[in-house]
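Novice: Position chain G relative to chain E; hints supplied.
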Amino acid sequence: MSADAVEARRALAEAAGMGVPGPYDALSALPQALREGVDALLLAFADDAMLQGHRDAEWTGLGPILEEDIAFSSMAQDELGHAQVLYRLRHEHLGAPDPDAQAFLRDAAAWRNARLVELPRGDFAFALVRRALFDLAKAVQYDALRQSPVRELAVAATKLRQEKKYHLLHDRAFVTRLGRATAASHDRLQAALEAAFPAACDLFEPSDGLAALAAAKLVPGADVLRSVWLAAVCQLADDAGLNVPAADPAALGGRRGDHTEHLEPLLAAMQGMFRSDPEATW
Amino acid sequence: MPDYTRAWHFDPYHQGLRHARRHDPGPQASDTEWQDWEVFQQDVRGEHHHHVGALHAPDAETALLLAKENFARRGACANLWVVAARNVYATAYEDADIFQHTTDKLYREPAGFQGLRQAKIHGAAAAARASDDDAMGARAEPDAAAEHAEVDA
Numbered sequence: 001m002s003a004d005a006v007e008a009r010r011a012l013a014e015a016a017g018m019g020v021p022g023p024y025d026a027l028s029a030l031p032q033a034l035r036e037g038v039d040a041l042l043l044a045f046a047d048d049a050m051l052q053g054h055r056d057a058e059w060t061g062l063g064p065i066l067e068e069d070i071a072f073s074s075m076a077q078d079e080l081g082h083a084q085v086l087y088r089l090r091h092e093h094l095g096a097p098d099p100d101a102q103a104f105l106r107d108a109a110a111w112r113n114a115r116l117v118e119l120p121r122g123d124f125a126f127a128l129v130r131r132a133l134f135d136l137a138k139a140v141q142y143d144a145l146r147q148s149p150v151r152e153l154a155v156a157a158t159k160l161r162q163e164k165k166y167h168l169l170h171d172r173a174f175v176t177r178l179g180r181a182t183a184a185s186h187d188r189l190q191a192a193l194e195a196a197f198p199a200a201c202d203l204f205e206p207s208d209g210l211a212a213l214a215a216a217k218l219v220p221g222a223d224v225l226r227s228v229w230l231a232a233v234c235q236l237a238d239d240a241g242l243n244v245p246a247a248d249p250a251a252l253g254g255r256r257g258d259h260t261e262h263l264e265p266l267l268a269a270m271q272g273m274f275r276s277d278p279e280a281t282w
Numbered sequence: 283m284p285d286y287t288r289a290w291h292f293d294p295y296h297q298g299l300r301h302a303r304r305h306d307p308g309p310q311a312s313d314t315e316w317q318d319w320e321v322f323q324q325d326v327r328g329e330h331h332h333h334v335g336a337l338h339a340p341d342a343e344t345a346l347l348l349a350k351e352n353f354a355r356r357g358a359c360a361n362l363w364v365v366a367a368r369n370v371y372a373t374a375y376e377d378a379d380i381f382q383h384t385t386d387k388l389y390r391e392p393a394g395f396q397g398l399r400q401a402k403i404h405g406a407a408a409a410a411r412a413s414d415d416d417a418m419g420a421r422a423e424p425d426a427a428a429e430h431a432e433v434d435a
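Going line by line, the protein sequences match chains E and G. Everything in the first sequence is counted per the numbering used here, starting at 1 for the first residue and increasing by one. Everything in the second sequence is counted per the numbering used here, starting at 283 for the first residue and increasing by one.
Read the hints as simulated data drawn from the structure, not as lab findings. A virtual CB, placed ideally from N, CA and C, is assigned to each residue, including glycine. Some hints could be false.
Mimicking DSSO-like on lysine-lysine, the simulated pairs with C-alpha atoms at most 27 Å apart in a straight line are [stated by the list, open to error]: (1) E/Lys159 with G/Lys350; (2) E/Lys159 with E/Lys217; (3) E/Lys165 with E/Lys217; (4) G/Lys402 with G/Lys387; (5) G/Lys402 with E/Lys165.
Okay, the calculated beta carbon distance ranges per label pair [what the hints assert, rightly or not]: (6) E/Pro64 with G/Ala372: 40 to 46 Å; (7) E/Leu62 with G/Gln396: 58 to 64 Å; (8) E/Ala247 with G/Glu315: 36 to 42 Å; (9) G/Asn361 with E/Pro245: 36 to 42 Å; (10) G/Arg390 with E/Arg177: 45 to 51 Å; (11) E/Ser185 with G/Gly394: 45 to 51 Å; (12) E/Gly272 with G/Cys359: 34 to 40 Å; (13) E/Ser185 with G/Asn369: 24 to 30 Å; (14) G/His333 with E/Ala212: 53 to 59 Å; (15) G/Gly328 with E/Ala109: 36 to 42 Å; (16) E/Gly272 with G/Val326: 39 to 45 Å.
The following block holds chain E by itself, in its conformation from the complex:
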């Protein structure tokens, strides 16, 4: 897998023509238009991680077996940690409020997460497949981001990508085993893939100003990343004996703030405690 990852990184850097030192080596060096593009990108990635972490944390105590319950919960915490890193970048360099305020004081319309991560918990097959689609996407996106000439982005992405290694190993181990174990486990995974995949395509919906960032060679374009991700998803599905369904690109919307009816109840549960006393210290 690591050889594949190296190859994927090389292909990404080549496709985007990145890795060449340019004038944009730090967030402070960016013109305002590009700063806004970076801000939108970080918000989208942070919101993805925050809600993925929240949804997976809903499995704590309910996992199919104690050991996997603990592993799944631990990975959910990893995601919350990733969200914190990304919110903090926005806070320290781009003028956003502090990470708690970004996570707990924003209403549904201001969230820019992919729809995938707001879908309800579902059964464990769905949670596992969602996790696998999400982790493959994030590995590709963080790989791309760590090639960025903007050093704050490269440093953060390197940190986040490192934890993805275990997540990918975990997902592959469970998806390939359950996909090929029994007819019942195969069918449940296949149904989960059909439910999750269309919403997962949202993960590569361009955030505001992404085209300008790609033109300035700060990050690769969304299409390049989506095709790398799709290849990885097809490879995993193939190894697990699953079929990747067709997806309708018109169903996108999360990056524009166009969410499903599931986001508001999620935010109510997630933010309720914090909003009951935003000034409290813990």
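Specialist: Below, chain G alone, put in the same frame as chain E:
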């Protein structure tokens, strides 16, 4: 006297593996029941692995993956081992008396050997002192003699 009429007896010469295997009920796992795995963690490369716990997993690879989050998510870890619990053979607690020392085996302990050496010096010095007033012997390492007394006590 050990009871040799028992069904199984720990044999210190060949670890009783043959006997143990004869009474091993075999793999307990069924389709819905995962195996038990014992987990060993190495904190720093080069150090020894130490036992940190046990978990359920369907196979070794999954056991390693789950062991990482279950046992190595907090402290430092360089390496993990997992061993199928059914591959671990143990002495019987009813035979725990084989570990007891009923005679003096001080010489087997690192400090014990030193203690014996000092005892010899001490004894020789005492003998010399008794026969004639050998000043060299009387001054021979009084600290070590005190240490010996401590070990003896």
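Novice: Taking the hints in turn, state whether each one holds.
Specialist: So, going through the hints one by one against the coordinates:
A threshold of 27 Å between alpha carbons decides the hint, and for lysine 159 of chain E with lysine 350 of chain G the separation of about 19 Å falls inside it, so the pair holds. Restraint check for lysine 159 of chain E and lysine 217 of chain E: satisfied, since their Cα atoms lie roughly 21 Å apart, inside the 27 Å limit. Distance hint between lysine 165 of chain E and lysine 217 of chain E is fulfilled; the C-alpha atoms sit about 26 Å from each other, no more than 27 Å. The suggested pairing of lysine 402 of chain G with lysine 387 of chain G holds, with an alpha-carbon distance near 16 Å, which does not exceed 27 Å.
Between lysine 402 of chain G and lysine 165 of chain E, the direct Cα distance comes to roughly 62 Å. Violation of the 27 Å bound is thereby established for this hinted pair. The hint said 40 to 46 Å for the Cβ distance between proline 64 of chain E and alanine 372 of chain G, and at roughly 30 Å that hint is violated. Between leucine 62 of chain E and glutamine 396 of chain G, the C-beta spacing of about 59 Å keeps the proposed range 58 to 64 Å intact. Our hint of 36 to 42 Å for alanine 247 of chain E and glutamate 315 of chain G holds, since their Cβ atoms are close to 38 Å apart.
The given range of 36 to 42 Å is respected by asparagine 361 of chain G and proline 245 of chain E, whose C-beta atoms sit roughly 40 Å from each other. Distance hint check for arginine 390 of chain G and arginine 177 of chain E: the Cβ-Cβ separation is about 50 Å, which falls inside the suggested range of 45 to 51 Å. With their beta carbons about 60 Å apart, serine 185 of chain E and glycine 394 of chain G fall outside the hinted range of 45 to 51 Å. The beta-carbon spacing between glycine 272 of chain E and cysteine 359 of chain G, approximately 37 Å, falls within the hinted interval of 34 to 40 Å.
The beta-carbon spacing between serine 185 of chain E and asparagine 369 of chain G, approximately 27 Å, falls within the hinted interval of 24 to 30 Å. Between histidine 333 of chain G and alanine 212 of chain E the C-beta distance comes to about 56 Å, which sits within the given range of 53 to 59 Å. At roughly 55 Å, the beta carbons of glycine 328 of chain G and alanine 109 of chain E sit outside the given window of 36 to 42 Å. Under the hint 39 to 45 Å, the C-beta atoms of glycine 272 of chain E and valine 326 of chain G, about 44 Å apart, fit the expected range.
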